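Using the sequences and the accompanying hints, generate a full structural model.
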Amino acid sequence: MPLFKATLPNSVRVLTDPVPSVRSVSVGIWCHSGSAHESPGRAGIAHFAEHMVFKGTKSRSAMEIAEAIEGRGGVLNAFTDKLNTCYYVRCLGEDLENAFEILGDIFTACRLDEPDLETERKVILEEIRRSDDEPGDAVHDHHLESLWPDHPLGRPVLGTRSTVGDTSQSDMRGYVARSHTGHKTVVSVAGNADPDHVATLAEKALGSIAAGEPTHDPGPVSGTPGERYLNKDVEQVHFCIGGPGVGVHDPRLHTQMVLDNILGGGMSSRLFQEVREKLGLAYAIGTYSLSYPSGGCMTVYGGTSPETWPQVQEVVDCELARMAAEGPTEDEVARTKRMVSGNMALGLEAMNSRMLRSGRNELTFGREVTIDETLQKFGEVTRDGVHELARTLLDPASRRITAIGPA
Amino acid sequence: MTQSHRSGLAMAIASGSSERRALAGAAEWIAGELKADNVAILLPSPTGGLELRAYHPSSSSIEHLVLGRGVGLVGYVAETGETVSIQHGLSNDPRHVIVPVLDDSGHESAIAAPLRIGGPHAGVLMIRRRKEWPEAPSLEGYVNALADDLSCALSVYRTAFEAGSQSNVAATLAELADTVSGAPYLEEILDQLVQITARRFNYPVVTLRLLDSQREWLVLRATHAPDLSVPREPMIRIGESIAGRVAQLGKTEFVEDVLQSKDYIGHAGAIEHGVRSMVCVPLDVNGRISGVMSCYAGEVRQFPPEEIQAVEALAKQAAVSIEHGRLQARDTLLQEMHHRVKNNLQQVASLVRIELNRRGGKTTQESLSDTLARIEAIAAVHELLSRDDLDHVSLTSVANTLAAAQQQSLLPPGKSVNFHVKGGDVFVDTSRATQVALVINELIQNAVKHGFKVTDSGDVHVSIEAQSEIVGIWVSNNGDKLEPERLKDSLGIQIIEGLARALGGEFSLGEKLGWTVAHLKFPRTGRT
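Read top to bottom, the protein sequences are chains A and B.
Every letter in the first sequence is one number past the one before it in my numbering, and letter 219, counting from 1, is 265.
Every letter in the second sequence is one number past the one before it in my numbering, and letter 115, counting from 1, is 129.
Keep in mind that the hints were calculated from the coordinates and are not lab data.
Keep in mind that this is a model prediction, so the values were computed, not measured.
Heads up, none of these hints are tricks.
Now the stretches of chain B that chain A is said to cover, found in silico as 3 or more residues with beta-carbon under 8 Å:
#1 79-89
#2 272-281
#3 481-489
#4 525-536
A virtual CB, placed ideally from N, CA and C, is assigned to each residue, including glycine.
Laid out in structure tokens, this is it:
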């Protein structure tokens, strides 16, 4: 069936992807507000608010919220990224109404009490400490901070100890009042659900929130080349080597995905074969690309011993230069297109993936992007296109290197 | 070395159900025997390097590691054939290099001995401790004896495996012949074939793929695997990957390690199942390829020529059995087809009669055009029946065929309507397929004719899903608003309702959030 879309009077958009042959349903309430929309002094407030809404509402305690979903075998969770926050439930189709009631309650009537704020502040500070203690994770945040130092996309989603420590109850209440509003909110549902019923439940759960204003994403981002080595008492050097990438609205987005996969997207990728399989220099080695409306980046990541770190850099430089100079082979492009397309189709068999896809597409493009359309875009990727993009993106002059390792 | 030492190592190797497990057992036994922190067994790789084949303590992080030729202490031992013992200061030894994935930091002492297992290059047994090992030099002789025993046991293991494979061939062919002659259904024959092959040759995974009717795709039809929930590539195009190439060229292919093969496309499944070497053989009857069978080993090893010949013999016998089963089914189908053609002609006559009696405001051309589309829907099922799996038809294939035909014939100039057909493989038996095809045809026709009279562009979605034994078909369009009153008397709707009743199902038509949605549900099986 098609993706059904309804718009409530307060501008909340409601999407339903009905799959009648399954028993489960995934429901997400998205708020188009993430760390990239925060001011530097309030960094981390979107993620802090995501934690706070689970602490209780005017009619339910935190325990009652969790039990209402988990007691029926469902899952209640949330995540915050650079651009969005999403609260979601996975449950049986027959429990859809209950899911909307709970999600609607936490989204529209969370208490945000002072004692809860203090408790959750400690939890988030622990989360930041834990992240700092895991250099394999922390290096990615440090890399983006160095690559995009003056842009909101460069700031970590968790915020800093200082900004989280300074967030007051009044800041939190102001943030939730401004961001949990109609223009910023999208509901996406996938699974055993009727579109009319979903629209009715969404109206009941979210019809009372103010329309508010649409979110404005930050302006274009450009990378800052350079190197940064952070000393830490660890065994390995954890590194990110990268440069610019294309944004989500760039017509070369799918070409970048193919390039990314050929370079470091799996066991048959060039970097995995060269660095790990042939030379045994690293256990983890791969690439990823991030694309936002403001721009993007492409990054090689991994971990190696301090003794082999210079050699790893040489090998990565050499592989990136080879790709920029010669481009991929026809066979690599064909195999990668098939792999990426296959993974995408398989991934969408899960209701949660379908819910996430439709929600993200609405928030990013303002419309449905069908699988057929995406597959067609992958089908149009050519070897010459990948080569041309590699020449543009893999210029050593725009390279940024970030590493955490022993002194 | 005492007799009990020998028997301990031999038992550790013999208890492994595959070479990989045998080596893991040996590494564990040696670690216990020498109170070592770490034991690694590396064997020559086809590229001339050393491949890590066992590591104690076991770690999932070092599943695939090949060291270049001459690299590090083990490379030195492999090249020179000398045993090396280092009492302390391992990291200061000039031959030592750091290999991060081998957890190389923190070892103080080591003994490394060559493994002579035939062939031009030696493997290496490396034993390490985190503290000093003053007695290491005096243990050299003992470690050499262990390495010799390990080499010897490995050779015996491989020889025994090969001998076992050979003695299996005749018995396996006999068992297969017995089984398939008693199995009336193709699916049963295929299932028995993979089960027998896996059991007789101790393969953890065997897959069988048959060519589709267009001879473009290899479709996965039977699998033997420890965990059937691990996804495998359901379709492989001819010429692609190993299986596609075997089907195209009709020649057996051996892949020493699928994880290292860039041509192989099922890496994720191979990792999940823990398989490495593979032989893929064609199913061939007199030069006509009907599919391929892939047999996987749980470790990297050679498939001796006798073993490959045995698997090829099995595949040939299976191909003959499959062909025989198909001919039998086709014979039965021919009789069924005569009956069905008579029924379909009666159905065509009935449709023409209804159109004749209920032309309403239609012109002769419109009436003929509608009737033509209906006859084409019946023809589409016949077309699929002649090349599909003989006794059942994929509704998604029917919908795709009809959508493509209608997109070309129904759309007037200036209109832009995108058709989307979604759904997994929902099959119904041929006795119901014609009626379902007629309903899908009417629904698509209605969606285009009534949905895009005014609206110039939009989408028509056809979705087919099955839950248990109930099949659901939805045809939705986002064109003109639904006018139920006008549709109530339409001939198309009456035909749909009549066919829905004949299928034992229900039909409904409604409006949902700007979409007109027609829904038919009916039981997958039943008398018609």
